[in-house]
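K.L.:
Protein chains in written order, with my numbering: chain G, 90 to 195; chain Y, 17 to 133.
One or more of the hints may lead you astray.
Unchecked claim - Interface residues of chain G toward chain Y, partial, derived using beta-carbon atoms under 10 Å: (1) Gly-104; (2) Lys-119; (3) Ser-140; (4) Pro-143; (5) Pro-147; (6) Phe-150; (7) Ala-183.
Claimed, not checked - If you anchor each label on the Cβ, the simulated ranges turn out as follows: (8) Glu-96/Y / Thr-94/G: 30 to 38 Å; (9) Thr-106/G / Gly-22/Y: 37 to 45 Å; (10) Thr-101/Y / Arg-191/G: 35 to 43 Å; (11) Ser-155/G / Gly-29/Y: 34 to 42 Å.
Claimed, not checked - Listed next, the stretches of chain Y that the computed footprint assigns to chain G, with coverage defined by at least 3 CB atoms under 8 Å from CB atoms of chain G: (12) 93-106; (13) 121-130.
Source of the hints: derived by calculation from the structure; they are not laboratory data.
These numbers come from a predicted model, not from an experiment.
For glycine and all other residues, C-beta sits at the position ideal for the given N, C-alpha and C.
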Amino acid sequence: SLDLTQPSSVSVSPGQTANILCSGHNLESKNVCWYQQRPGQAPRLIMYQDSKRPTGIPERFSGTNSGNTATLTIRETQTVDEADYYCQAWVRTAAVFGGGTRLTVL
Amino acid sequence: QLKQSGVEVKKPGASVKVSCTASGFTFSNYGFSWVRQAPGQGLEWMGWVSAYTGDTTYAQRFRDRVTMTADTSTNTVFMEMRSLTSDDSAIYYCARESRDLEILDPWGQGTLVTVSS
Chain G
90 SLDLTQPSSV SVSPGQTANI LCSGHNLESK NVCWYQQRPG QAPRLIMYQD
140 SKRPTGIPER FSGTNSGNTA TLTIRETQTV DEADYYCQAW VRTAAVFGGG
190 TRLTVL
Chain Y
17 QLKQSGVEVK KPGASVKVSC TASGFTFSNY GFSWVRQAPG QGLEWMGWVS
67 AYTGDTTYAQ RFRDRVTMTA DTSTNTVFME MRSLTSDDSA IYYCARESRD
117 LEILDPWGQG TLVTVSS
């Protein structure tokens, strides 16, 4: 199986860059997705296949995946980006989620 | 778009069946995953059902208590869970799965299930 580890929280000042890490054994061999979940809302796909943005996701969001770590980067962070962020990968036919990272913009 | 059924309140030992109705795309071209989120906790994948074949895959911890089905006549997938305990109190989400892109998108709005005596 695959365990995905994320920091429980990340804090950033408005306008700065936030990096959210997701670690797992040989993660670079997987396609990693990222989901954003704002308070009281359902999760929303914001990154897939490591670095591709779905339609409507701002260019401020980017992703990389190398070695054992995938990274979601949010440039010019805004208060609207405050949310929980989850990485996810597939192990055979099962989805595995990281524990989630709460991004605080203050 | 995925629209889920409403809030459920159940007693321990009971069963619950949550529905998820799809619109705006060809239902039978996709599979659907169910993901749950306990209060204040992260996302937990429960399993998957193919809308075309009805084939299922379940996470091991739910294999004995959960059944997922699909009804192509109503473009609806269902998740039934039996022998509920308070630990099953959570929001249950359905999400469309695209195997070629390996994504879960879009997601339903979620169904709150509360198990309490």
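K.L.:
Now look at each hint and say whether the structure bears it out.
P.N.:
A quick look at each hint next to the structure:
no. : hint                              : result
1   : Gly-104                           : violated, 28 Å
2   : Lys-119                           : holds, 9 Å
3   : Ser-140                           : violated, 13 Å
4   : Pro-143                           : holds, 7 Å
5   : Pro-147                           : violated, 17 Å
6   : Phe-150                           : violated, 15 Å
7   : Ala-183                           : holds, 6 Å
8   : Glu-96/Y / Thr-94/G: 30 to 38 Å   : holds, 32 Å
9   : Thr-106/G / Gly-22/Y: 37 to 45 Å  : holds, 41 Å
10  : Thr-101/Y / Arg-191/G: 35 to 43 Å : violated, 28 Å
11  : Ser-155/G / Gly-29/Y: 34 to 42 Å  : violated, 48 Å
12  : 93-106                            : violated (count 0)
13  : 121-130                           : holds (count 6)
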